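Protein chains in written order, with our numbering: chain A, -6 to 414; chain B, 66 to 291.
Keep in mind that the hints were calculated from the coordinates and are not lab data.
It should be emphasised that the depicted structure is a prediction, and the values quoted were computed from it without experimental measurement.
Possibly wrong hints are sitting among the right ones.
[As the list claims (entries may be wrong)] A partial selection of chain B residues facing chain A, derived with a Cβ cut-off under 7 Å: (1) 141; (2) 219; (3) 243.
[Unchecked claim] With a Cα cut of at most 20 Å, we get these calculated EDC-like pairs of lysine to aspartate or glutamate: (4) B:219 / A:168; (5) B:82 / A:380; (6) B:217 / A:168.
Yeah, the Cβ is synthetic: ideal placement off N, Cα and C, and Gly gets one too.
Here are the chains, one letter per residue:
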Amino acid sequence: MEIITEYGTILMVMAIVFGLYMTWGIGANDVANAMGTSVGSGAITVKQAIIIAAIFEFAGAFIAGGHVTATIRKGIIDPTSIVNNPEILVFGMLASLLAAGIWLMVASNRGWPVSTTHSIVGAIVGFTVAGIGMDAVQWGKIGQIVASWVVSPVLGGTIAFVLMMSIRGLILNTENPFVSAKRWGPIYVFLVGFIISLVTLFKGLTHLDIDLSVGMSFVVATLFGVLLAVIGWFMINRVQVDTSADREFHFASVEKVFTPMMVFTACAMAFAHGSNDVANGIGPLAAVVSIIQSGGEVAQKASLPNWILVLGGVGIVIGLATMGYRVMKTIGTRITELTPTRGFCATLAAAATVVLASRTGMPVSTTHIAVGAVIGVGLARGVGAIDLRVIGGIVLSWLITLPVGAVLSAIFFFTLKGMFT
Amino acid sequence: MKRTTPFANLFGRSPFKALKQHMRAVVEGAAEVPALFEALSAGDQGRVQAIKDSIFAHEAEADRLKNELRNHLPKSFFLPVDRRDLLEILNWQDSIADAAQDISGLLVERPMEIPGPLKEPIVTLAQRCVDVVELSAKIIEQLDELVEMGFKGKEASRVEEMLDRLNLLEDDTDELGLELTRTLFEHEDEIKPVSVIMWYQLIQWIGDLADNAEKVGDRLRLLIAN
Chain A
-6 MEIITEYGTI LMVMAIVFGL YMTWGIGAND VANAMGTSVG SGAITVKQAI
44 IIAAIFEFAG AFIAGGHVTA TIRKGIIDPT SIVNNPEILV FGMLASLLAA
94 GIWLMVASNR GWPVSTTHSI VGAIVGFTVA GIGMDAVQWG KIGQIVASWV
144 VSPVLGGTIA FVLMMSIRGL ILNTENPFVS AKRWGPIYVF LVGFIISLVT
194 LFKGLTHLDI DLSVGMSFVV ATLFGVLLAV IGWFMINRVQ VDTSADREFH
244 FASVEKVFTP MMVFTACAMA FAHGSNDVAN GIGPLAAVVS IIQSGGEVAQ
294 KASLPNWILV LGGVGIVIGL ATMGYRVMKT IGTRITELTP TRGFCATLAA
344 AATVVLASRT GMPVSTTHIA VGAVIGVGLA RGVGAIDLRV IGGIVLSWLI
394 TLPVGAVLSA IFFFTLKGMF T
Chain B
66 MKRTTPFANL FGRSPFKALK QHMRAVVEGA AEVPALFEAL SAGDQGRVQA
116 IKDSIFAHEA EADRLKNELR NHLPKSFFLP VDRRDLLEIL NWQDSIADAA
166 QDISGLLVER PMEIPGPLKE PIVTLAQRCV DVVELSAKII EQLDELVEMG
216 FKGKEASRVE EMLDRLNLLE DDTDELGLEL TRTLFEHEDE IKPVSVIMWY
266 QLIQWIGDLA DNAEKVGDRL RLLIAN
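Bound conformation, chain A alone (with noise of 0.2 Å):
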């Protein structure tokens, strides 16, 4: 207890300075993932974004970024056999942080497609193994976090496969698909808006105090679609028959028509990501702010403070601009078979996946819901070639991103409790 209160100061300090950094090797790995649907396909470029994602990371962090990091903080761990001890909790989320943090930017240097997520439940298991004990590990919630792995790319597989049935059976195989990509693609826009504002009215704007009914949410959600379906609209009015592009590819202009479209998946799979993922790097520095300001109490519910969500999205953004941008422009030069249609598809059925799972406070990793999205594409066959090779890298890399997270995390823990001890 002593700990807390003469430290308390210089911990809340590294607390923060480590969620930064967490968060910017979010920003910078995790998020030019999230964006590489769009930027791959060339409905937008890296610049734009990089500023899409700015801001609709940003906002997701913001407005519906709370509810996950109840999970991570208390849901894999059982806080009870520390409440005499909680600088335990401090050191360990402190170093849960710092491990992950530095997996993340080890890993993407390396190039390895590791997920965020797996390095924060990594690190807090292990900091929980070696600082509290076996028992201590709640891993039923370890075993539900396991089972997204597969449920996660199953589901946006999914989504993405029916995505893409729909706009083949109502666009693509129609005697003028241009006109019927127009005349179906503001719905499709709606479809964005819907799903997107639905589960985060669902979720509960808690900390921002808007609570709504159900049929409100609805009626909400619905005119959010409906607005940004007349934007939509609007957009793809102005697209053009490109009939030189045709001859090449039949179906060039109506890619055309989609490309504003993606435009609005891009924004959505962007507040997607902010939700869900900017909880991995603030989850554990709320844990610790809320113990140091409580004086050493551990509390069942810690309320997450706004400035702790600006912090997280802010670190977001600093780490897409400054490594972000070189990882999305390897992706956008080498991802070419991806179109606007197929990226739309994917990207939608990705950012669907992603609030959904974070509704039901799964820790879900972006990626790997992706990865799942970009395969149900493909089974719909309306992608030329897919490397399950990679989808194997892919798997390895979830393996071995816990132990690593676990090993590096038990490190410091000991060695920040050596420090103040």
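Knowing the structure of chain A, use the given hints to seat chain B on it.
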């Protein structure tokens, strides 16, 4: 510092684009075959040599593209079509280039004079065969659309019509080739025996251009049918 992401890696290069590229090299080579006989008929051996070099260059390019495609088509690729069908199409495309190469190679290695009665019809036959090759190439150009539509729907029926036309055109070349062979045999006493064999062989090879082009189409038909 090289950066890769799961996304960048997830997509291999589309084999359909590579297949189209290969077919373009094949067509460019095959399209020069009629000019080969025109030059021969004009007695311009220098031009024959030049055209042969050009055809060989196109064949080499096609070979390069073929090997590249094979190298980039690992078994772990998730393809919207059967891998074997794709390789089969590639093989038939490549044999078109090989046929053009055989024809030009023989004409350079064994300088021959076209027997008078064969002069015109052999150019006609070559041109018709090239027409078949070009039509098959046009069909291959539709691959992206076919993939987009999962080899079904309006695109598929459009391509099916093209395939029907391909078969009809190929039948025409068979007819022409047969007629030409008949003419050759009618005049066999006036031509050196070895030359007769050579011309017979050449007529077969010219026909191979169209035959292989038809095989390309037939394979594609299987993709649509599945």
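Evaluated hints:
1. 141: At 4 Å from the nearest chain A Cβ, residue 141 of chain B passes the 7 Å test, so the hint holds.
2. 219: Interface hint status for residue 219 of chain B: holds (6 Å vs cutoff 7 Å).
3. 243: violated (37 Å)
4. B:219 / A:168: The hint holds at about 8 Å.
5. B:82 / A:380: With Cα atoms ~16 Å apart, residue 82 of chain B and residue 380 of chain A stay inside 20 Å; holds.
6. B:217 / A:168: Given pair residue 217 of chain B, residue 168 of chain A holds - Cα atoms ~14 Å apart, limit 20 Å.
Violation of the numbered hints given earlier is confined to hint 3; every other hint is satisfied by the structure.
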